[in-house]
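Number of protein chains: 2
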Amino acid sequence: MAAVEKFVLEGIIQLIIILAGAKFAGFVFEKLKQPKVLGELFVGLLLGSSVLGLIDINNEIVIFIANLGVIALLFEVGIESRVSELLRTGFSSLLVALIGVILPLLLAMIYGIYFLEFDTVKAFFLGSVLTATSVGLTVRVLQELDKVNSTEGKIILGAAVTDDVLGLILLSILVDIERTGSVVLGNIAMITALALAFLIASVLIGRFLEDKILRVVKMLKVKRTFIVAAFIFALFMSFIAIEIGLAAIVGAFAAGLILESKEHVEKIWEKTHVLTQLFAPVFFVTAGAAVNLESLFNLENIILIVVLTIIACIGKIVSGFGAFREKASKLAIGYGMMPRGEVGLIFAQFGLTAGLVGEAFYSVLVSVIMITTFLAPPLLKAELEKFYGKNKKKSGK
Amino acid sequence: MAAVEKFVLEGIIQLIIILAGAKFAGFVFEKLKQPKVLGELFVGLLLGSSVLGLIDINNEIVIFIANLGVIALLFEVGIESRVSELLRTGFSSLLVALIGVILPLLLAMIYGIYFLEFDTVKAFFLGSVLTATSVGLTVRVLQELDKVNSTEGKIILGAAVTDDVLGLILLSILVDIERTGSVVLGNIAMITALALAFLIASVLIGRFLEDKILRVVKMLKVKRTFIVAAFIFALFMSFIAIEIGLAAIVGAFAAGLILESKEHVEKIWEKTHVLTQLFAPVFFVTAGAAVNLESLFNLENIILIVVLTIIACIGKIVSGFGAFREKASKLAIGYGMMPRGEVGLIFAQFGLTAGLVGEAFYSVLVSVIMITTFLAPPLLKAELEKFYGKNKKKSGK
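Chains as they are written, first to last, in the numbering used here: chain A, 1 to 397; chain B, 1001 to 1397.
Do not rely on the hints blindly, as some may be mistaken.
[Stated by the list, open to error] Residues of chain A placed beyond 10 angstroms of chain B at every Cβ, according to the derived structure:
no.	residue
1	60
2	186
3	248
4	281
5	325
6	378
[Claimed, not checked] Here are the simulated lysine to any residue pairs, SDA-like style, with alpha carbons at most 25 angstroms apart:
no.	chain 1	residue 1	chain 2	residue 2
7	A	6	B	1059
8	A	267	A	208
9	A	386	A	145
10	B	1006	A	374
If you're looking for bench data, these hints aren't it; they were derived computationally from the structure.
Beta carbons are placed, not taken as given, at the ideal position from N, Cα and C, and that holds for glycine.
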């Protein structure tokens, strides 16, 4: 059977299992009106070593494909992020985002240091995981209720972009901490400045070199192979980000931001989406497969999950009140910011890969991420219906 | 920098180099009106160990991605192959295909056994490489001259599909020979029967279960993620093919044949094409990178290249006369069948991977493939213009 090397055959088998599992989960969870990413995590859990043992999470090809998936995903998020809109929603979004990042970070760090006896590095990591926001789900709920363009919708979307940027900065700080092994305030300031500078420079380059880039792109456009250039660009920016000490996905996100305002952007998005559809599930299924189910079945870890879930929820619910100047449901905004989804998972996976946490604590974190993601949609829906039901009577709208 | 494991970073760097090289080659070779695949081979040669040494052809991730690219490519070829059309062009196409496969196979085997003192296995491999036909190029030339629907065009396309099937059978025979280490006629008959049965069964299943498959597919269709199902299917069929002892790409091709007549096929093709655009170049660039340039610079190998090129050209040019019943340029048909392109490369790579030939002989084969691919378009163009120029005067058409 040497027509195909053994590792190639193994890679193909792993891909078939993972993708078929993800597809099945997507089907079932869509029927259950639950987010697909939850389904992929559950299927991963089922196929992973905890239950069926069909997925080899240490297979290098699987890990690489998962990484490509995350790069494609963040590239897509970058393409979708409208910098101009972010600047327009302004103050309220910024406040919501900042509270929603700082509050869970601080609460989790305090809990980690004083109750779990974590060192600063581990506590900072714990806090970072809980800061993430994944509004993909929220957007779906808002669309369902036709509320994407409501005040709540705009503030949530604006805050989510800010959150992405803040999250990427936190992740870059973690990369640095992992490398140096300690939390040095000077380093944190430098990494923050570097990440911000990288992103701002990307946006500015995108704005000012727009015409020149377009001309080169048009010249190099060989019969609809634009996606190849776009993908090379995303990989290259990820590489640059890694080289200057930031997280790879900061680069992919920046690449997306640069292309955001360009021609063909719809086409690029559509074609990148093929990659995201195929490869991002590999990340989420393997993230689920890395969970050690057994380690969750003890009182200590169950308490951990409950406390961290409460911190995660409170942090984001309070953040909604950052929009105090707006006539909108602050609770709905808070609920909308609650799901940690894929962003939280990228953090948790980083911690596991870098050895900041063990399998058991990783499993706790994934559980917390799943619970917040699971709780948010019904809470948001109920609150919006209640709030607009009331308002409808008052304003007759 | 442990945010990304070392092998992931290396994989990203290799992908950037390979894809950027392929993109550049595509740009330059399109300007030169030469086929992109030639450009990718040249760039591979340049980036490979012979010259710049930037590509690591033993990197497992690169090899895997190259394999995914070939699977996507043959899946695409399968989707494009209209079985009905193949049956319509009928007898002439079949004869052209058979002569074009048998003649170079026999000539090369005779040359290999009597002049190069090859054993039967190696001689059979040599012959197989020279049987391949890659009409992608030919189609482009025909399009340029608006002759896709001419008699020549139809016969070439029909023969090319037959050739693909014959080629896949030959490759499966090679897989078996490599495994057992000897040429046993009984085995060859069995593998041929197995491969034919696999392909025919695939087509029949596709025809008769059409409605049922469509119903399942529609049921499982989760928000435009049809490409995931299609890709899983291609991987799964490749896996089945490997397991029953055929070449992986036979399965990918069969998967394409099954989907050929289905709804959404345009969409699947378009999305599969994203994968082909991204990953197939990885195969061709690494195929070029595996060439040892130095080994070509000696009289013995130059003679080899010349003789094998002559055999490869004669075999296909003679095959054109298989269309003796048609009022068409037999020479044009022969020239159209000449390029070995990607199919020949898949064969050559197999031989290198399986250890049937060494680096030097592999380099000779790639040279022959490149020369036939390079010669065909200008010859075809000149002949068609000459033939139709004459006919125009006669028939006033």
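Status of each hint after checking the structure:
{"no.": "1", "hint": "60", "in the structure": "5 angstroms, violated"}
{"no.": "2", "hint": "186", "in the structure": "20 angstroms, holds"}
{"no.": "3", "hint": "248", "in the structure": "5 angstroms, violated"}
{"no.": "4", "hint": "281", "in the structure": "8 angstroms, violated"}
{"no.": "5", "hint": "325", "in the structure": "37 angstroms, holds"}
{"no.": "6", "hint": "378", "in the structure": "20 angstroms, holds"}
{"no.": "7", "hint": "6(A) - 1059(B)", "in the structure": "14 angstroms, holds"}
{"no.": "8", "hint": "267(A) - 208(A)", "in the structure": "22 angstroms, holds"}
{"no.": "9", "hint": "386(A) - 145(A)", "in the structure": "12 angstroms, holds"}
{"no.": "10", "hint": "1006(B) - 374(A)", "in the structure": "35 angstroms, violated"}
Hint check: violations occur at hints 1, 3, 4, 10; the rest are consistent with the structure.
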